[in-house]
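*Asks:* Spelled out from the first residue to the last, the chains are:
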Amino acid sequence: MKILVPVKRVVDPCVAVRVKPDASGIDASGVRMSMNPFDEIAVEAAVRFREAGVAAEVVAVSCGVPASQEVLRTAMAIGADRGILVETANELSPLAVAKLLKAVCAEEKPDLVICGKQAVDDDANQTGQMLAALLGWPQATFASALDIVDGRVCVTRDLDDGREALRLPMPAVVTTELGLNEPRYATLPNIMKARKKPLRVVAPGELGGEPSVGVMTIEWAEPPVRRAGVRVESVTDLVDRLRAAKVL
Amino acid sequence: MTRESIEFDVVVVGGGPAGLAAAIRLRQLAQAQALDLSVCVLEKAAEIGAHVLSGAVMDPRALDELLPEWRHAGAPFDAPVADAHFLWLGASRSLCLPTALLPQCFHHDGGFVVSLGEVCRWLAQQAEAQGVEIFPGFAAIDVLFDADGAVAGVITGDAGRQADGSAGPNFQPGIEVRGRYTIFAEGCRGPLGKRLMAQYRLRDGVAPQTYGLGIKELWEVPAAQSHPGRVVHTCGWPLRADTYGGGFVYHQSGGRVAVGLVVGLGYRNPYLSPFEEFQRFKTHPALRGVLAGGRRVAFGAASVVSGGIGALPALAFPGGVLVGDEAGFLNPARSKGSHTAMKSGMLAAEAVVTAVQAGRHNDVLVEYPQAVCDSWLYRELWGVRNFKSWLDKGLFVGGALFGIEQKLFGASAPWTLSPCPADHLRLDKASDSAAIVYPKPDGVLSFDRASSVFLSNIRHDAQQPCHLRLKDPELPIRVNLAEYDAPEQRYCPAGVYEIRHEADGRAVLQINAQNCLHCKTCDIKDPSQNIEWTPPEGGDGPSYPAM
Ligand SMILES: Cc1cc2nc3c(=O)[nH]c(=O)nc-3n(C[C@H](O)[C@H](O)[C@H](O)COP(=O)(O)OP(=O)(O)OC[C@H]3O[C@@H](n4cnc5c(N)ncnc54)[C@H](O)[C@@H]3O)c2cc1C
Ligand code: SF4
Numbered sequence: 005m006k007i008l009v010p011v012k013r014v015v016d017p018c019v020a021v022r023v024k025p026d027a028s029g030i031d032a033s034g035v036r037m038s039m040n041p042f043d044e045i046a047v048e049a050a051v052r053f054r055e056a057g058v059a060a061e062v063v064a065v066s067c068g069v070p071a072s073q074e075v076l077r078t079a080m081a082i083g084a085d086r087g088i089l090v091e092t093a094n095e096l097s098p099l100a101v102a103k104l105l106k107a108v109c110a111e112e113k114p115d116l117v118i119c120g121k122q123a124v125d126d127d128a129n130q131t132g133q134m135l136a137a138l139l140g141w142p143q144a145t146f147a148s149a150l151d152i153v154d155g156r157v158c159v160t161r162d163l164d165d166g167r168e169a170l171r172l173p174m175p176a177v178v179t180t181e182l183g184l185n186e187p188r189y190a191t192l193p194n195i196m197k198a199r200k201k202p203l204r205v206v207a208p209g210e211l212g213g214e215p216s217v218g219v220m221t222i223e224w225a226e227p228p229v230r231r232a233g234v235r236v237e238s239v240t241d242l243v244d245r246l247r248a249a250k251v252l
Numbered sequence: 002m003t004r005e006s007i008e009f010d011v012v013v014v015g016g017g018p019a020g021l022a023a024a025i026r027l028r029q030l031a032q033a034q035a036l037d038l039s040v041c042v043l044e045k046a047a048e049i050g051a052h053v054l055s056g057a058v059m060d061p062r063a064l065d066e067l068l069p070e071w072r073h074a075g076a077p078f079d080a081p082v083a084d085a086h087f088l089w090l091g092a093s094r095s096l097c098l099p100t101a102l103l104p105q106c107f108h109h110d111g112g113f114v115v116s117l118g119e120v121c122r123w124l125a126q127q128a129e130a131q132g133v134e135i136f137p138g139f140a141a142i143d144v145l146f147d148a149d150g151a152v153a154g155v156i157t158g159d160a161g162r163q164a165d166g167s168a169g170p171n172f173q174p175g176i177e178v179r180g181r182y183t184i185f186a187e188g189c190r191g192p193l194g195k196r197l198m199a200q201y202r203l204r205d206g207v208a209p210q211t212y213g214l215g216i217k218e219l220w221e222v223p224a225a226q227s228h229p230g231r232v233v234h235t236c237g238w239p240l241r242a243d244t245y246g247g248g249f250v251y252h253q254s255g256g257r258v259a260v261g262l263v264v265g266l267g268y269r270n271p272y273l274s275p276f277e278e279f280q281r282f283k284t285h286p287a288l289r290g291v292l293a294g295g296r297r298v299a300f301g302a303a304s305v306v307s308g309g310i311g312a313l314p315a316l317a318f319p320g321g322v323l324v325g326d327e328a329g330f331l332n333p334a335r336s337k338g339s340h341t342a343m344k345s346g347m348l349a350a351e352a353v354v355t356a357v358q359a360g361r362h363n364d365v366l367v368e369y370p371q372a373v374c375d376s377w378l379y380r381e382l383w384g385v386r387n388f389k390s391w392l393d394k395g396l397f398v399g400g401a402l403f404g405i406e407q408k409l410f411g412a413s414a415p416w417t418l419s420p421c422p423a424d425h426l427r428l429d430k431a432s433d434s435a436a437i438v439y440p441k442p443d444g445v446l447s448f449d450r451a452s453s454v455f456l457s458n459i460r461h462d463a464q465q466p467c468h469l470r471l472k473d474p475e476l477p478i479r480v481n482l483a484e485y486d487a488p489e490q491r492y493c494p495a496g497v498y499e500i501r502h503e504a505d506g507r508a509v510l511q512i513n514a515q516n517c518l519h520c521k522t523c524d525i526k527d528p529s530q531n532i533e534w535t536p537p538e539g540g541d542g543p544s545y546p547a548m
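Line order of the protein sequences matches chains B and E. Our numbering applies: residue 5 is where the first sequence begins, and numbers increase by one. Our numbering applies: residue 2 is where the second sequence begins, and numbers increase by one.
Calculated from the structure, these hints are not laboratory results. Among the hints, a few may not be true.
Said to hold, decoys possible - For the chain B half of the interface with chain E, some residues (derived, Cβ under 8 Å), not all of them: (1) Cys18; (2) Arg22; (3) Gly57; (4) Thr191; (5) Leu192.
To be verified - Computed far set for chain E versus chain B, every beta-carbon distance over 10 Å: (6) Ala35; (7) Asp79; (8) Gly161; (9) Gly206; (10) Gly395; (11) Glu503; (12) Val509.
The beta carbon of each residue, even a glycine, is placed where N, CA and C say it ideally should be.
Hey, can you work out the whole structure from these sequences and the hints?
*Replies:* Laid out in structure tokens, this is it:
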């Protein structure tokens, strides 16, 4: 069985980002980039299946700029066997990524695709779902538990009003929730090994063409700065102030 | 515990200019001589450059020797020094000192205004292209000794320990990284360097090292206020004449201005707060004119060595060498250390290759200190050997006398002044000191610690043992609070140390280790030397974009 894990290079979640003075995007110069945390969980889940003998191969794939090779190396340091970079400098909407991934799936023929539920940079939460729809495969999103039993994918989803258990035939698409696992630390020897694992770079053209841009970003703006609060002395003080502000 | 072990020919600890220059030189020489030589660089930051904080005006002398083609290799040097100014600041006035009066070491001709973090990222690319294995996110936390007591490599930090020290669910023990030679390039006040200096008594007979704390911000300023290549140094206000230090304003390309203040850590008044001094510094009319209407985009702090040549320890010991600021190669008169760091790394690399070719390993690289003595590096530092000692006599008298010495004699002054004592010995008691009242931040030019530290993008896994170790946990209250009014509350630029009062009125020291900027000031200035800075989990700490 083969598992495909799409991974995205995003601004590290610990970094405070700023909009460029000309509002054309995020100022990413010198800003630390890393793998989308949900994708790391997806890689970990896939690697655990390989280690348990359930899967034979784990392939990580990323779509984007050449520097995305770094997140593929990280995926391989966690344990993915090889990497594929679909290299493009274009701004990619979730649909564009889903189309590229569909083309990769046509070549690789995975039995299971495990995606992060969303990327922490644009929070779109669409790629996995769109990919499943394009492929016509069953999907289970927000997996908080994942297993493969008798050739079927068993997924638990934590909902507001309880737990939902799903069983899917393969091939299928699953997206990961935060609680699914805690990804391991990449060790130094594994990072060294990852540097020697195969990484293939393909142009979108080789996969049937650059997807159309679809979405164009017009402008970026920062959220308004929150004004400093005041510390109230007592409950009466609070009530007085709320009255003064005509809230009460 | 048995640890996994990997082996290289040369292990470099620290991916700053010194470590990267050493690594590049090693591979260059190995390739030229068809020598099979594996080189790795361990860096505690999650990414090369993310823990590097500097000015910086860079003298390209060492780079010219290391990578002569750098001008055509996409190096991030787009702001050659255009004009340089030296200002004396009064509380509201400023006086520009004519360049002709300044000694040669205060000139910046041929230099470049850079972000040293960006320079390091570029150097790392050059190193990787030469076949160097770079491992960001791995801190060396201990030295590995062989049976004969020689350095055999280092041990990397564990990952996934809980706060109480026990192994968490994802625990990964650190590993042994072994080498025929280990080059220590941790920068200023490196914890392993400190250990080695004690172990091999490398500081016997040399002056104590002295330090400064540099606090820096990066601003984006309106186009009319940006003059790429402009270099401004200041002395005087807000520091008193008896406190060593000075400010800088470096105009980078792209409307970015680096502004910083270095405060000598030999200061006496325990009420002094380098952070507040820096915030106040920016409100001076001379700086207001540059920063007004601009936006602060990054904040950080780092210590600098300032002892100069008299404080250089022995550089080589069995199996290893000290390079860069780890040894103390910074030129304090020029406040430049990046070119000397690189040069020392290159000289160490040359000594290693000579030894490896002779089939040697884990012995003393005597060629390295000798090469340092024969190089321009030594002559440059020798020329300004009295700088710190002169300045210790006060800004006006000392500064003038240093200027006269340099004008009359250059490097050949017939005297060498006695060195300054160690910084931690110089604090006066709180009872003998006047409290200092700092102005409240205005939120426009000056800010508080919390909003500043936010701009350093710090991350520390909260679930890990505290990396700031107290040898005696009671001492901060018994001595520091009682006698010095807990100076760590003020000298720490990140507000890591806080005195809290329990319900029963008992004072306790709270350590907010997750805010630590890795500046090492507490390790340096604690009057009882009770605080030990150790590397936290690999990858943790600030994430400086371009400092
Ligand atoms: C405010 C300020 C202004 C300055 N201005 C200038 C200037 O204008 N011009 C100039 O030339 N110089 C300037 N300097 C000095 C210059 O920055 C230093 O001399 C230079 O960075 C020293 O290089 P280094 O490689 O020895 O150490 P560093 O640059 O400090 O690099 C050390 C590296 O090692 C890593 N490290 C440390 N310990 C470990 C460990 N145990 N395991 C793994 N990794 C580790 C660190 O994270 C860091 O990346 C300035 C310094 C400061 C603080
Ligand atoms: S705790 Fe020490 S090393 Fe960390 S920021 Fe404060 S003074 Fe610097």
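*Asks:* Each of the hints needs a verdict: does it hold here or not?
*Replies:* Status of each hint after checking the structure:
{"no.": "1", "hint": "Cys18", "in the structure": "4 Å, holds"}
{"no.": "2", "hint": "Arg22", "in the structure": "6 Å, holds"}
{"no.": "3", "hint": "Gly57", "in the structure": "22 Å, violated"}
{"no.": "4", "hint": "Thr191", "in the structure": "6 Å, holds"}
{"no.": "5", "hint": "Leu192", "in the structure": "6 Å, holds"}
{"no.": "6", "hint": "Ala35", "in the structure": "23 Å, holds"}
{"no.": "7", "hint": "Asp79", "in the structure": "13 Å, holds"}
{"no.": "8", "hint": "Gly161", "in the structure": "6 Å, violated"}
{"no.": "9", "hint": "Gly206", "in the structure": "38 Å, holds"}
{"no.": "10", "hint": "Gly395", "in the structure": "39 Å, holds"}
{"no.": "11", "hint": "Glu503", "in the structure": "22 Å, holds"}
{"no.": "12", "hint": "Val509", "in the structure": "24 Å, holds"}
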